[in-house]
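Read off the chains here:
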Amino acid sequence: QKEVEQNSGPLSVPEGAIASLNCTYSDRGSQSFFWYRQYSGKSPELIMFIYSNGDKEDGRFTAQLNKASQYVSLLIRDSQPSDSATYLCAVNAGGTSYGKLTFGQGTILTVHP
Amino acid sequence: GAVVSQHPSRVICKSGTSVKIECRSLDFQATTMFWYRQFPKKSLMLMATSNEGSKATYEQGVEKDKFLINHASLTLSTLTVTSAHPEDSSFYICSAANTGLAGETQYFGPGTRLLVL
Chain H
1 QKEVEQNSGP LSVPEGAIAS LNCTYSDRGS QSFFWYRQYS GKSPELIMFI
51 YSNGDKEDGR FTAQLNKASQ YVSLLIRDSQ PSDSATYLCA VNAGGTSYGK
101 LTFGQGTILT VHP
Chain P
1 GAVVSQHPSR VICKSGTSVK IECRSLDFQA TTMFWYRQFP KKSLMLMATS
51 NEGSKATYEQ GVEKDKFLIN HASLTLSTLT VTSAHPEDSS FYICSAANTG
101 LAGETQYFGP GTRLLVL
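Which chain is which? The protein sequence lines are H and P, in order.
Taking my numbering as reference, the numbering of the first sequence is continuous, increasing by one, and the terminal residue is 113.
Taking my numbering as reference, the numbering of the second sequence is continuous, increasing by one, and the terminal residue is 117.
Check the hints yourself; a few may be wrong.
Taking lysine-lysine pairs in the DSSO-like style, the calculated list, with each CA pair at most 27 Å apart, reads [unchecked claim]:
id	chain 1	residue 1	chain 2	residue 2
1	P	14	H	42
2	H	100	P	14
3	H	100	P	41
4	P	64	H	100
Calculated Cβ distances over 12 Å to all of chain H for the following chain P residues [said to hold, decoys possible]:
id	residue
5	64
6	67
7	99
Partial pick of chain P residues on the chain H-facing surface, computed with a CB cut under 7 Å [claimed, not checked]:
id	residue
8	29
9	40
10	43
11	103
Since the hints were derived computationally from the structure, they do not count as laboratory data.
Even glycine gets a Cβ: it sits at the ideal position worked out from N, Cα and C.
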């Protein structure tokens, strides 16, 4: 059983729409959660992190965390073609993990004009 | 803030040679750095966790004698691919952990593309 699972997609949305990316994790003790974006041929870049239940908004991005359901999501409002990339969900177990992350397999997002 | 650099960005070498890749945290001190490898269209694969002043912790299946890691200071970790072979050709990415609100947050370097002929 995968420890962090994402809907693999690919997910295709029209420009201006809301893109919804989902992630579930198996370790109930996980403490912090990250969304990274990776363009083809590039390294991942941090979009957002969240560690408290609820929503966290940053510009067009909203992360949602529900620890009871072991679920974290990323919403992208007003999607743009430049948002087309692979989105990686990552989970930090905390404690003595020293920042070690468990990554999902990534969701490929395509925003078409 | 939280900028991580890698050098070189791209390297081509002959089979049997060794290649050193540097990872630097430019504006913060990183007690812990991580080394990943990524093959085309595949997920990131963690190779090892590099801790300043101590031996690296390697993931299962990663040969520690082939992939030498040195974390000499709080801003520099190096990965040396020894006796490289064509199957070692890959995209090598480091990250550095910075302590913040979410605990340790990883920031990635731009990656090093290795091609072994």
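Enumerate the violated hints, using their earlier numbering and listing them in ascending order.
2, 7, 8, 9
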